[in-house]
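K.L.:
Residue-level listing of the chains:
Protein chains: 2
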Amino acid sequence: MVAMAALPGPVLVVGTGLLGTSMGLALREHGVEVLLRDTSPAAAHLARDMGAGRLAGLAAGEPAPVAHPVLVVVATPPDVVVPTVLAALEEYPAAVVTDVASVKGSVEAAVLAAAGTEGPRYVGSHPMAGREKSGAAAADADLFHGRTWVICTRDDVVRGGVAMVRALATTVGAVPLAMPAEEHDVAVAVVSHLPQIMASLAAARLDAVPGDALSLAGQGLRDTTRIAASDPMLWAKILSANATAVLPHASAVRDQMSELVEALERAARDGVGSEGVMGTFARAIHRGRDGVSRIPGKHGGAARRYAEVTVLVPDKPGQLGRLFGEVGEAGVNIEDFRMEHSAGAKLGVATLSVVPARQVELTEHLENQGWRVMQ
Amino acid sequence: MVAMAALPGPVLVVGTGLLGTSMGLALREHGVEVLLRDTSPAAAHLARDMGAGRLAGLAAGEPAPVAHPVLVVVATPPDVVVPTVLAALEEYPAAVVTDVASVKGSVEAAVLAAAGTEGPRYVGSHPMAGREKSGAAAADADLFHGRTWVICTRDDVVRGGVAMVRALATTVGAVPLAMPAEEHDVAVAVVSHLPQIMASLAAARLDAVPGDALSLAGQGLRDTTRIAASDPMLWAKILSANATAVLPHASAVRDQMSELVEALERAARDGVGSEGVMGTFARAIHRGRDGVSRIPGKHGGAARRYAEVTVLVPDKPGQLGRLFGEVGEAGVNIEDFRMEHSAGAKLGVATLSVVPARQVELTEHLENQGWRVMQ
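Chains A and B, in that order, are what the protein sequence lines are. Count the first sequence with the working numbering and you get residues 1 to 375, in order. Count the second sequence with the working numbering and you get residues 376 to 750, in order.
Don't take every hint at face value.
To be verified - Derived Cβ-Cβ restraints for the label pairs, each shown as a range:
1. A/D270 / B/A489: 43 to 53 Å
2. A/A137 / B/P452: 49 to 59 Å
3. B/D531 / A/D255: 37 to 47 Å
4. B/E637 / A/T351: 35 to 45 Å
5. A/D255 / B/G586: 22 to 32 Å
6. A/D270 / B/A732: 54 to 64 Å
Read the hints as simulated data drawn from the structure, not as lab findings. Computed from a predicted structure; not experimentally measured. Built from N, CA and C at the ideal position, the CB exists for glycine as well.
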């Protein structure tokens, strides 16, 4: 079934990697005409073969497209976004042009400085979506489902320009959020770019220890370092592009770490009772606890405390199914879920987050069904 | 049903907080006689009332215990472990004494320096178990199930001393792992103490940003900062006690962060193309990727790559139950599970890790049942 198009076509997607191809697939599902272009003919052909749209006619032997795009989406690597946006503004004088780079201020400034009277047709944007995999082969029509899609509003945008990008976001299932470019960059510096640096620096230390030490690794280490597996080249581009916004946070962390190093030196030399040592450590951990309490809960609502029900799950096929089946029978919605595995044991610890009013009921229900619930 | 005791009793537990009370509950389940003691009578009474054992007879009006303990487990806060261990060695000249503090080298050195000929009856240990909650009220007989329990072996331990602590660990369901104290401290410095510092410093920066910025928070931020919610006072004691082992890692991170700050300054001032900037960022992320790849997989085995099956899950009661029920029908074991929620959308993204050989089969099975699987 092809749903009615919420967005007029055709849409030209430039750059058929993970984001561009996923967007093509999602737009095609909603009946929007999609044209594809990539500097790599192989990447463009793969995207076409996956059903993300038809080729934009620049490769030899491909027919030229019949219609000009109403919207151009630049989904190239971040270091070539600006020239690609400028070329699109020039080539399609009636189109709105957006990009999906993860840093917005520098792109917007460079585009507006060079685009002259064509500038008002550019609207920057950033879908908060991605995967640890990359490339068209990892693309999926559902990639943007339910994700926040930041749209960088400005006063000088042409009439209908912001609405066009908003329609792009909602058509592929994302949730648009208007935010000036500078504000976006300041936000991602602290919610995304600094955490990436911290995860990478913590994980890098694992190279310095014998393998035996890693047998003590628990869920805390796994959680704090998971994103350290990301692509070095992509992140080098992102950190470079957002250097101004990341810098104050990185400097503050370096200063905090210097304080902790001094306190560790004092504790190692003079013993744990030396003046200021405990206070320095406790303050650092305390500030972190205050910070983490500000992260909003799911669905973008205010932070909200869920009650946790922790259940021991035998590590056999079907056990999680049985558990969730019985949670479903109890009619309780699971707000969040965490699974922790134990080294050397055929047993997992599942933590279910539920609204506090249902905690006792769910615990009793599960215990009655024979589950071991930790209280 | 009371199972046969794997450990002779009585066991005296000194310190009836989360760990001590949980241990009492677990030992009682296996028929081991448990005596409880705490400097807070209220804490000791609560542990007794929960069924963790009977009082050791030091509180006024309580009968004295009839038997002397064969094993004393010191489960006090870390800063009073050493005097408590020494007092136990003196009070019970036939007992083996262990402690469960999370830093071992300094405790062992201090105990052996002061205990003289009684020293060989001391065996340090560390169950890798805990919760974000604390106190007897949060105790659970299953707390140690499947967790690694490090036992600090030495040449001078009395005959049967290590075996006694090993029996304690296995009786409560943990997996013993012999490791010298210094090696343990070096290991936890990098797999637990440094990650705590990094999570706390990253989370502390969230205090510096407007609430709007936090609406862009995703799973990466949540994972990297989850443990920042931990207890400041406990962590101040742990970091002080393990300062020598944490110091080189904290110093290395500070130096790395200084390099990144310099590169960020250069990028902010001279542009992304300035010499060395990209290389500095890419190397830092690359080193992290190498490090994280060394974390072993579940069950303590060698790191192993699982295939991921990513499924869109409507946010309604019973949906996870339906999903896991159908995974169970397919007879596929879930090696790991991650649930990601989307701001503003009534939809979650569930990522199931399975052995690669079952990925295609599970994907097809779920799609046939009407699930949207991202590929």
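K.L.:
Indicate, hint by hint, whether the structure satisfies it.
P.N.:
The hints, checked one at a time:
| no. | hint | in the structure |
| --- | --- | --- |
| 1 | A/D270 / B/A489: 43 to 53 Å | 20 Å, violated |
| 2 | A/A137 / B/P452: 49 to 59 Å | 53 Å, holds |
| 3 | B/D531 / A/D255: 37 to 47 Å | 45 Å, holds |
| 4 | B/E637 / A/T351: 35 to 45 Å | 41 Å, holds |
| 5 | A/D255 / B/G586: 22 to 32 Å | 24 Å, holds |
| 6 | A/D270 / B/A732: 54 to 64 Å | 57 Å, holds |
Violated hint for the displayed structure: number 1, the only one.
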